[in-house]
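Single-letter residue listing:
2 protein chains.
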Amino acid sequence: MRRWNGWGDETFNLELPPQGQSFLAERVGASHALEDVSLESVCAKVPESRLPADDTVAKLIDTSPEARVRHARGQSLSDWLAMRSGEFGVFPDGVARPETSVDVQNLLHYAQARNIELIPYGGGTSVAGHINPLAGEKPVLTVDMCGMNRLIDLDRESQIATFGAGTPGPLVESQLRAHGYTLGHFPQSFELSTIGGWVASRSSGQQSLRYGRIEQLFAGGQIETLKGTLNLPTIPASSAGPDIREMILGSEGRIGLITEVKVRVTRLPEQESFHVVFFPDWDKARTACRKLVQNRTQLSMLRLSNAIETETQLALAGHPQLIGMLEKVLSLRGADEGKCMMTFGLTGSKHQCVSARQEAKRICSEYKGVYTGTRLGKKWAEKRFTMPYLREALWQMGYAVDTLETATDWDNVDTLLGLMENNLRNGLQDRDESKNERTHVFTHLSHFYGQGCSIYTTYVFRVADSYEETLARWKHLKNTTSELIVRNRGTISHQHGVGKDHAPFLPVEKGELGMLAIHSLCRTFDPEGILNPKTLLG
Amino acid sequence: MRRWNGWGDETFNLELPPQGQSFLAERVGASHALEDVSLESVCAKVPESRLPADDTVAKLIDTSPEARVRHARGQSLSDWLAMRSGEFGVFPDGVARPETSVDVQNLLHYAQARNIELIPYGGGTSVAGHINPLAGEKPVLTVDMCGMNRLIDLDRESQIATFGAGTPGPLVESQLRAHGYTLGHFPQSFELSTIGGWVASRSSGQQSLRYGRIEQLFAGGQIETLKGTLNLPTIPASSAGPDIREMILGSEGRIGLITEVKVRVTRLPEQESFHVVFFPDWDKARTACRKLVQNRTQLSMLRLSNAIETETQLALAGHPQLIGMLEKVLSLRGADEGKCMMTFGLTGSKHQCVSARQEAKRICSEYKGVYTGTRLGKKWAEKRFTMPYLREALWQMGYAVDTLETATDWDNVDTLLGLMENNLRNGLQDRDESKNERTHVFTHLSHFYGQGCSIYTTYVFRVADSYEETLARWKHLKNTTSELIVRNRGTISHQHGVGKDHAPFLPVEKGELGMLAIHSLCRTFDPEGILNPKTLLG
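These protein sequence lines are chains A and B, in that order. Just so you know, we're using my numbering here: the first sequence kicks off at 611 and counts up by one. Just so you know, we're using my numbering here: the second sequence kicks off at 611 and counts up by one.
Quick caveat, the hints were computed from the structure, so don't treat them as lab data. Treat the hints loosely; a few may be bogus.
You can't tell identical chains apart in this list, so a pair holds if it fits in one copy or across any two.
What the hints assert, rightly or not - DSS-like mimics (lysine-lysine), calculated; alpha carbons at most 27 Å apart, straight line:
(1) K894 to K960
(2) K1088 to K938
(3) K669 to K655
(4) K988 to K901
(5) K748 to K901
(6) K669 to K978
(7) K669 to K988
(8) K901 to K669
(9) K669 to K938
(10) K988 to K960
(11) K748 to K988
Given these sequences and hints, build the entire structure.
Set out below in structure tokens:
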């Protein structure tokens, strides 16, 4: 069963190897865990539902305390702290589980007639507070789309698949695979997040270099709004005015509820492999990545860990003898202290993979990259969705872990990365209440464009003696770094969306008139502001 | 000097070879030209300007009759008929030529304060009535951006170039080429159209398969609106809410005047070549194209002429002996009557071009394609921007030529293409006033996507005895076919935009709520509707 207060399935646990434990203790100090509350104790706190009874939607709505607890929070660190401490503050008044577009229309009518706030809910994997209910006068109904999870149509000629919006990643891929197709959208949240959620939050997957972001995959579909049904026809490309698809992408539930998603799919590839190259230093490694993508080498995936992330990953990998041997070999070939690990993917026809591998290896070797083959790449592929489980293992040891991500142009990557890492590294030491407290910070670049790339920074710190102080530490790190990002040409999010947590930073990025455009769009479709209020626009 | 009543430079003339003339006479009958009026006679008709005097903008505005005539019409066939007959109906009251963003701001203030309509003007190459002034109470000021035509900045690391919005194609490429870069955006209007116009109308270039449409190239920039300056920051990709760039793309002057355009550029390629393959029939040829693009073969350009276009092109090419020899060889290899010509481009590193050529040839031969090398491809590349000049030659012979274009999903390409061609072929014969009048109709597919492609249909018909009747024939063909397109899953335009001519058909494509979104956006930025009224939204 799914964990009610953390990531993934209860039966799956990832253990940190002993070397990993000592590595962390050295970096940030030994720690001890805070006590978790039980699901029962939280359920006991859930107040009476304020939802007015209504026959048209009664059978769709679950007001049980457990359902309301399980839909109250996402996966941000502040959500974790709420779930572990039991201090939720607010619960939705009920959870609806529609199975058809008509069900969704009925829920919209109900919400409008009874002045209820609606929060669309996909996999509940938001790390930016998209699905958290807010305290207020109006009852809040969370609409869980999990009942709409089928492959509705597959047009093999046009390679368009139609899915119910609540279809989670594994069901998207398994239903397509049965016909020989793939969507190729693999965000780290893949196991739980849904296709409708990907659209609503403008998601990006690990192999976006081949398949594109969700913006490139989303071909059209159906959105139920308070003004009626918005149908987005599938057209390959058009110059007929502003693109309505692009207004729905990233709308985070403010315009309507996405019920059907049409996506551009691809035949399953003939070949796929992941390769690892080590570079002697960051400058060479980063330049090699830039050259690869600006050269349009046909890679399906590219990721570059900086020196600290490389060191951390090798330390947490276990198998110290094997890693030791690897490091000796790398050292002999010039990749010693300060080395950076690049992983690249090849996906496509056999011919394409052969050709791209040759070109990639040639460019990497120009920058002194040491090619190590596919062994470590295979490991990466096996573990690509398990990183969130590590959070549980670290939590049990008294460590909080979170990530911050952005994207910026190449000329600004090092500057912004440095600002982010420094602020996270020194953030707790600069703060009176947490002096001398260290943070372990490392970064990778994981989505590449001719113009720039994403920056994905992970930070680990010890939990404090109390939940309150742990939350305060997180807020300080998160908010000061977010401010730095938007003040220094970064987007507030490359792949996680805005939600409620990033909303205060959006106006710096979009500017006054950009915000005006988004505001006017949302107001047009939802004049009373009952759809996912405070999300996106704050 | 630029032709005042047609395409391109007066000194450049394209002649139709004698074989071409007899080919057309056979298809639609011999014809005779209508008489063109002189520039002087049109200038004499221009009424007094209604623009109120204002010191802040006086030096920017030209109210001379010739400037007003030269900015009154674009390049649609109805524009041509107006220019050739002298029946313009309406002229702008003046032409402003701003040189800075501040000039543009001053023009906006002037327009708002004095209740004047503004029409932004790039290269004047619209074929959909974007820049035509309408009769009405308010004075109309056309804002010609030609003074803002410089490369302002080039960031080599991020590969972002900043241009003044009025920079025409050749100046975009020559200024970049001096630094070793290219934008790679080559619409057929390239010689005259501007980078700001490409953004405003969501343009697509002949090599979009490599470089992307303008949506992929447009990284940000500056738009002057009635509410202030909208700055679009350059960010490689973002999940931070709806993308404001995508609201400006295709806004056709309704939101504001684009003054600065930042685009994603590329190093000049190591190699570029264009190759021609003939297929025995349409079905094999179309399928080969679909396979090439769905296989992600790294082509830079792909174009497929149907059998009639292939026949027409070979007939109009001149060199009947050479063509005869080619056709004999093709016939021996299975591409006889009904054969279809494909042109594909290879652009990139030497390694990429070699690899993609191998893959392309393999896929083509699976569908019985006869590869003929680069000789005809070179011809295509030399003549890629000269097609519009042919219109002049045909006009002098008494033939009117126009095109209709759309895009649709693969499963619908043949159906829609058939509907369009049949309607154009029979359109004049079905009509009482033009019975027995034939139309010569042919088509190519020119922009390819995994999901579908564009359909570009050309039709040639004889001018009638009068301009009025010629215009009526065109209107009948254009409007009935446009209606068919949007009623049958096609976009009203894949690459020419909406303008005033396509505006009546947009609501079918976008739907009521799609139109609501665009309306609300335009109203937010221009509540009085003084920016390019009736364009896009009708």
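Identical-chain pair category, K901 with K669, by Cα at 27 Å: Neither. Shortest intra-copy (57 Å) and inter-copy (48 Å) distances fail the 27 Å Cα cut-off.
Since the copies are identical, ignore which copy is meant and state whether K1088 and K938 lie within 27 Å (CA to CA) inside a copy, between copies, both or neither. neither (38 Å within a copy, 72 Å between copies)
How do K988 and K960 come out at 27 Å by Cα distance, when the copy is not named: within, between, both, or neither? Classified as within; 18 Å inside a copy, 31 Å across copies.
Are the CA atoms of K748 and K901 at most 27 Å apart within a copy, between copies, both, or neither? neither (53 Å within a copy, 54 Å between copies)
For the identical chains here, do K669 and K938 meet the 27 Å Cα criterion within one copy, between copies, both, or neither? neither (64 Å within a copy, 73 Å between copies)
Alpha-carbon proximity context of K748 and K988, limit 27 Å: Close neither inside one copy (50 Å) nor across copies (68 Å); limit 27 Å.
Within, between, both or neither: how does the pair K894, K960 come out at a Cα-Cα threshold of 27 Å? between (29 Å within a copy, 24 Å between copies)
Treating 27 Å as the Cα threshold, decide for K669 and K655: within, between, both or neither. within (25 Å within a copy, 73 Å between copies)
When Cα atoms must be at most 27 Å apart, do K669 and K978 count as within-copy, between-copy, both, or neither? Close neither inside one copy (64 Å) nor across copies (59 Å); limit 27 Å.
At most 27 Å between C-alpha atoms: does K988 with K901 qualify within a copy, between copies, both, or neither? within (24 Å within a copy, 30 Å between copies)
Evaluate K669 and K988 at a C-alpha cut-off of 27 Å and name the case that applies: within, between, both or neither. neither (47 Å within a copy, 68 Å between copies)
Of the numbered hints stated above, those contradicted by the structure are hints 2, 5, 6, 7, 8, 9 and 11, listed in ascending order.
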